[in-house]
Amino acid sequence: MNKIGTLEEALNRITDGCTLMYGGFGGIGNPPSLIDGIFEKGVKNLTLIGNDTAFPWIGIGRLVTAGRVRKVITSHIGSNPYAGQQMEEGSLEVEFYPQGTLAEKIRAGGVGLGGILVDVGIGTMIEEGKETVVVDGRKYLVEPALTAEVAIVHARKADPFGNLVFDKTGRNFNPLVAMAGQYTIAEADEIVPLGELDPENVVTPGIFVDRVIPGKGVNWEWVWEKKAATASRGAQPGS
Amino acid sequence: MNKIGTLEEALNRITDGCTLMYGGFGGIGNPPSLIDGIFEKGVKNLTLIGNDTAFPWIGIGRLVTAGRVRKVITSHIGSNPYAGQQMEEGSLEVEFYPQGTLAEKIRAGGVGLGGILVDVGIGTMIEEGKETVVVDGRKYLVEPALTAEVAIVHARKADPFGNLVFDKTGRNFNPLVAMAGQYTIAEADEIVPLGELDPENVVTPGIFVDRVIPGKGVNWEWVWEKKAATASRGAQPGS
Amino acid sequence: MGEESRDRIARRAARELKDGMVVNLGIGIPTRVADFIPEGVQVVFHAENGILGAGPTPEPGKEDGFLCNAGGYPVTIVEGASYCDSAIAFAMIRRGGIDMTVLGALEVSGRGDLANWIVPGKRAAGIGGAMELAQKAKKVVVLMNHVNRDGQSKIRKECELPLTARECVDLIITDMAVMEVTGEGLVLREVMAPYTVEEVVRYTEAELQIPDTVAYIGGDAP
Amino acid sequence: MGEESRDRIARRAARELKDGMVVNLGIGIPTRVADFIPEGVQVVFHAENGILGAGPTPEPGKEDGFLCNAGGYPVTIVEGASYCDSAIAFAMIRRGGIDMTVLGALEVSGRGDLANWIVPGKRAAGIGGAMELAQKAKKVVVLMNHVNRDGQSKIRKECELPLTARECVDLIITDMAVMEVTGEGLVLREVMAPYTVEEVVRYTEAELQIPDTVAYIGGDAP
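In order, the protein sequences belong to chains L, X, D and B.
Using the working numbering, you'd call the opening residue of the first sequence number 1 and step up by one each time.
Using the working numbering, you'd call the opening residue of the second sequence number 1 and step up by one each time.
Using the working numbering, you'd call the opening residue of the third sequence number 1 and step up by one each time.
Using the working numbering, you'd call the opening residue of the fourth sequence number 1 and step up by one each time.
What the hints contain is simulated information worked out from the structure, not anything from laboratory work.
Check each hint, because a few of them may be wrong.
Subject to a maximum C-alpha distance of 30 Å in a straight line, what follows is the list of computed BS3-like cross-link-like pairs (lysine-lysine) [as the list claims (entries may be wrong)]:
#1 X/216 x X/41
#2 B/138 x L/130
#3 L/44 x B/122
Going by beta-carbon spacing under 8 Å, a handful of chain D positions derived as facing chain L [unchecked claim]:
#4 58
#5 79
#6 81
#7 82
Only a predicted model underlies this, so the values are computations on that prediction, with no experimental measurement involved.
Heads up, the beta-carbon is just placed ideally off N, CA and C, and yes, glycines get one too.
Make the full structure from the sequences, and use the hints.
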């Protein structure tokens, strides 16, 4: 039941053209070492599913900026101008959902439901082309569940069974995404022995995690860091 | 923002004929002091929503045994023979759902969805009379969300804002039910000062809780306790 | 069913436990399977009320009223266990995280249809977690008497009782035999002493295939 | 919009904060509202990335990259705060737990329709949490310029841009005025100096009702 493995083993699962779901919100909670590995391996033609495309040089944003992504199912791409540029050029397909709807679609996939009924976006263009059902006289959109071939998450701590805890707002989409992968890889800042995590405080039970790898921690500068602001002026799309 | 109140204040919300949702699984996690209060107040004609009807002399089971319940939306009544008897006699209406479907219907109500799509029970009598939708070529039942006028839960600890943590398997339906009440009352074994609960380990954020009351702890004997086994032989329905 | 027969069925079911499996045991005889885990096999026990990693029954006097299984009886937890709410406990089931479940049954068909929750006209106990487990666990093992109180086979061509789930059962273990539901139909694998192949066939209403080799359990071949 | 005007709008919006409210502030000027919380008022700040109980910006050097608001900038937490996943953060919104949200806008109609996420033909940033907040918060306050760069009113009879949510806005605060969406239509409540009622009316395409008393902010009535 020891799921601890290497980055290399994990990367074997992530191949050209695959559907990859990722945790994180504005880069925070994107798994840095896994994304580095995907970048270095040269994986391309990805379909991404996640909250946002982060910032050009941060987390999942790097893969988008480098043109490795064919399609993204997301809520927001505004903090990564290269995503917007590629969308305009037609090289990146973007499917937008309201953020809370996206979170519940991913969770629905993660808990084995077929989908959810939601009234957010009723009466707006979000409704167009969508199936609706009426429950108790109120109209709802049918929003199918989302899953992915591979899901990658960033945990503060993991144990060998794959039990996870997260770090403050680094939690965000991670516990949802962890459940929704057909194969889920957790990168942990710290791997602790079995029994060290308090059973009351485990956020993602290990049953949802297939592979745990040790992470090297965040390797980028945040947008609010001065150095990052400087570096960003030199950032180049593609690579 | 201090939501701590008395049992009496809480009971003002729970009146004849109301729809009452409760946490607990086999009695474990049923809120004892609230149920005692409801019993003593003489509230009747209740519609209950919860996992099961517990045992005749344990937790929510007492209200059923005493004939205070008109209808129950639940997954299982087998451990409370009085529920079965009343169902046969026609004095208790029972609506059964698969346990996991019930849990998600309650959660859906709690998170503000209209319902869920689920394939559990497809091809069985559970499907009868239910609306279905097809997603990606697969048929799912449309299961509307459940909410209730009042929800009662049992927490291990609460703070004045209503943040809750639970006790081992006493968690069960409690965090779901806490979200699904139009008015949610949490009975806590211990009330701690604001800031004492670790923000990482709060299970139910206080926003979902309207009132916190101090509980007196479990006041029944469990089925596995010898004394309870003896007492049960003398148990009488109704009161 | 006698105590000895129950234990034999539970012991046989325990042989299906493989190292690393996540397992959910139903109430009744299935619960006993935990008492017969084969040497060297480690499994993770799941409970619908919110435990992943349930351990053995505590010693008398060490029970905790807030640490119980789905049947309401005290358990313990093992290293690496976690608690969760029941929505997540069922997410584990629906997502296919349960490698094996062991359930009781009222009737099973030769195709593996399972009926175990309601007898029309009789008092209904409810559904509980049976539908999710039967429909979603990777392997469904049913433990039951081969015949009902009226001496009729519980292994039917078609279930007469309302179904819990269709074509879900993989293995049936009774007081008389072990039968596997395969793509080619129901196949007899083992016969429990003192019964004979002929007796098993006689008490099995569903069509039962008899392969060249059938093992005998609890005695020499008659 | 100048710095002073932004602050005036944010300060005015802060007067809508009442003790005990749970509040979500959008990105941009709405974020500044937190700097002007009235004396004696305690509110709970909610963030979509999973904070209930966000506190002020940390001192320089005390930032934590894993404790940020939905815009990705460092915050702190207050006593009684909790972290949650984004599904639960949005459960709080959909269930009506947010007493007030403050958002930016591209257009608002006199009925309170809000357009703030997409301009057809222009690069789309996405939706984010705006639809849930606009549709579900108990009170929706919009902060924006009264007119767009071409000098056209952003307060329209009908929104031309795709909507974020219908009939959701309760209060509009611009560099020129404060307007309330009521059952009887859009009502002018306050005029910001140095503008006059006549100027506000001229730059408001939607029908605007002028009650007998209109307050003046940031100056004497002209």
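A quick look at each hint next to the structure:
| no. | hint | result |
| --- | --- | --- |
| 1 | X/216 x X/41 | holds, 17 Å |
| 2 | B/138 x L/130 | holds, 27 Å |
| 3 | L/44 x B/122 | holds, 27 Å |
| 4 | 58 | violated, 15 Å |
| 5 | 79 | holds, 4 Å |
| 6 | 81 | holds, 5 Å |
| 7 | 82 | holds, 4 Å |
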